[in-house]
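Participant: These are the residues of each chain, in order.
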Amino acid sequence: MFIVLFLYLIIIPYDYAVYFNKLEPRGKVVYFTLMLISFYILILHSLEISIPPLGKAIINVLKALLGI
Amino acid sequence: MINEKITLNQAIFSIILFCFGSSVIIGISSTAKQDTWISIVLATLLAIPVFLMYARMIKLFPEKNFFEIAETVLGKVAGKIVSAFMIWYAIHLAALVLRDFGEFIQVFDMPETPKLPITILLTLTTVYLARSTMRSIGKWSVVAICFVLSIVLLTFATSIHQMHFDNLLPIMEATPVQIIKSSCEIVAFPYGESVVFLCVADSFHKENSPYRTFLFSLAIVVFVFLAVFVRNLALLCTSMVNISYFPSYIAVRIIEIGDFFARIESSISSNFILAGIVKIAVCLLAAGKGIANLLGLQNNQIFVLPAGMLALALGSISYRSIMEMFLFLDYYMYYAFPFQILIPMIVWIAAEISTKKQKKRELASPPVGDSP
Numbered sequence: 001m002f003i004v005l006f007l008y009l010i011i012i013p014y015d016y017a018v019y020f021n022k023l024e025p026r027g028k029v030v031y032f033t034l035m036l037i038s039f040y041i042l043i044l045h046s047l048e049i050s051i052p053p054l055g056k057a058i059i060n061v062l063k064a065l066l067g068i
Numbered sequence: 001m002i003n004e005k006i007t008l009n010q011a012i013f014s015i016i017l018f019c020f021g022s023s024v025i026i027g028i029s030s031t032a033k034q035d036t037w038i039s040i041v042l043a044t045l046l047a048i049p050v051f052l053m054y055a056r057m058i059k060l061f062p063e064k065n066f067f068e069i070a071e072t073v074l075g076k077v078a079g080k081i082v083s084a085f086m087i088w089y090a091i092h093l094a095a096l097v098l099r100d101f102g103e104f105i106q107v108f109d110m111p112e113t114p115k116l117p118i119t120i121l122l123t124l125t126t127v128y129l130a131r132s133t134m135r136s137i138g139k140w141s142v143v144a145i146c147f148v149l150s151i152v153l154l155t156f157a158t159s160i161h162q163m164h165f166d167n168l169l170p171i172m173e174a175t176p177v178q179i180i181k182s183s184c185e186i187v188a189f190p191y192g193e194s195v196v197f198l199c200v201a202d203s204f205h206k207e208n209s210p211y212r213t214f215l216f217s218l219a220i221v222v223f224v225f226l227a228v229f230v231r232n233l234a235l236l237c238t239s240m241v242n243i244s245y246f247p248s249y250i251a252v253r254i255i256e257i258g259d260f261f262a263r264i265e266s267s268i269s270s271n272f273i274l275a276g277i278v279k280i281a282v283c284l285l286a287a288g289k290g291i292a293n294l295l296g297l298q299n300n301q302i303f304v305l306p307a308g309m310l311a312l313a314l315g316s317i318s319y320r321s322i323m324e325m326f327l328f329l330d331y332y333m334y335y336a337f338p339f340q341i342l343i344p345m346i347v348w349i350a351a352e353i354s355t356k357k358q359k360k361r362e363l364a365s366p367p368v369g370d371s372p
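The listed protein sequences correspond, in order, to chains A and B. For the first sequence, counting from 1, position 49 maps to 49 in the working numbering; every step adds exactly one. For the second sequence, counting from 1, position 218 maps to 218 in the working numbering; every step adds exactly one.
Quick caveat, the hints were computed from the structure, so don't treat them as lab data. Here the structure is a predicted model, which is why all the values come from computation and not from measurement. Using N, Cα and C, we set each Cβ at its ideal position, and we do this for glycine too. Don't take every hint at face value.
Unchecked claim - Simulated DEER-style distance windows between Cβ atoms:
id : chain 1 : residue 1 : chain 2 : residue 2 : range
1  : B       : Arg361    : A       : Ser46     : 52 to 62 Å
2  : A       : Val29     : B       : Val142    : 30 to 40 Å
3  : B       : Leu153    : A       : Phe20     : 40 to 50 Å
4  : B       : Ile81     : A       : Ala17     : 41 to 51 Å
5  : A       : Arg26     : B       : Leu153    : 47 to 57 Å
6  : B       : Lys139    : A       : Leu9      : 49 to 59 Å
7  : A       : Ala57     : B       : Pro117    : 21 to 31 Å
8  : B       : Gln298    : A       : Leu47     : 36 to 46 Å
9  : B       : Ala78     : A       : Thr33     : 19 to 29 Å
Based on the sequences and whatever the hints tell you, model everything.
Facilitator: Listed below in structure tokens is the structure:
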């Protein structure tokens, strides 16, 4: 968990300092939305909280759609 | 404006390393067992029209990427929907390669080390490379291809005395259905993944022929894949290749010349890193360009990092174990088909129609003469 927190504590201020002054508000919203989603998933994963595996979900959808 | 145009050689080498990416270590579909070489050749023939389609799209709209082309030919709304699908595919592909790498390192190199720190380091490296634009990826590809091909040649040459070429027999033991299924799997992984290059096609020079770029790359890739497959099968037997998760690594492990030249399997790990970095970086760059295009923004570099973090997160939750990872590979061709074939085909057909209409309009409208 600490490695994830440490990672985000470094990369977000770096990006803020280097890129944010050139970015429009909607760009900032999308940027932070994507970072928040990834942060949330990584924190859950590092805390060993069970998340439904994406690969299995895709396989189940393919089985349901195509009958394979 | 940052110059991110790449030369013909850089484009070819980037596509070659992209195709090698994860398949150099995971190996190629072995549904057809020892007849996989037939599947590789057949897959190459099947991939030619696919690559010609990609090249044609670039030819029709030079120095434009897939997202710009989609919006031009399909309209704003449909173009953005199609772009969203391709952005998802680019991020998911990066996630899959990151996960492959993490699993490989944990299984063979560092079993006690958790995957996350390793994949974080790889993600940050590839984000840095992607943010340095396609030009840096192209320059890196020129250097990396020398190492990758040298290692393939070295491992092939040093293992000849240990090879059992009768492992390639009997020929055509697999049924035609198995061979065709294996070919389709090879088209999906790794040939069809080159669709991501459409998303960075604005980096290709207008003067360079996209047909030459894609077909040259395919020609070189097929020879290397055949060499890798023959090496793996001749060193291990069919059963061993089928049950191994990473047959290239296992095969190279047994190479031995005298008492001094042995245990060179770390060269395979380095191949994976060198090629995998290109694959992930191109995917992240494509995703960054797509997100910027979707929002109507110029600066695509900023979105490479969130795309990378999302790929890292998705890679972590994609599978519970390495077994699930290889199970997904069996279904990958069905999952990838819309992204690799269907969506590009729709955009290509729309592009052809749009270009024809444009030509007719130009012919119909009277030429503008000098005013008297």
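Participant: For every hint, state whether the structure bears it out.
Facilitator: Evaluation of the provided hints:
1. Arg361/B to Ser46/A: 52 to 62 Å: 58 Å, holds
2. Val29/A to Val142/B: 30 to 40 Å: At roughly 38 Å between Cβ atoms, Val142/B and Val29/A fall inside 30 to 40 Å, so the hint holds.
3. Leu153/B to Phe20/A: 40 to 50 Å: Taking Cβ atoms as reference, Leu153/B and Phe20/A lie about 47 Å apart, which means the hint holds.
4. Ile81/B to Ala17/A: 41 to 51 Å: Check failed, 35 Å falls outside 41 to 51 Å.
5. Arg26/A to Leu153/B: 47 to 57 Å: Holds, at about 50 Å.
6. Lys139/B to Leu9/A: 49 to 59 Å: 32 Å, violated
7. Ala57/A to Pro117/B: 21 to 31 Å: 26 Å Cβ-Cβ, so the 21 to 31 Å window holds.
8. Gln298/B to Leu47/A: 36 to 46 Å: Hint holds: Cβ distance 38 Å, inside 36 to 46 Å.
9. Ala78/B to Thr33/A: 19 to 29 Å: 23 Å, holds
In summary, the numbered hints that this structure violates are 4 and 6.
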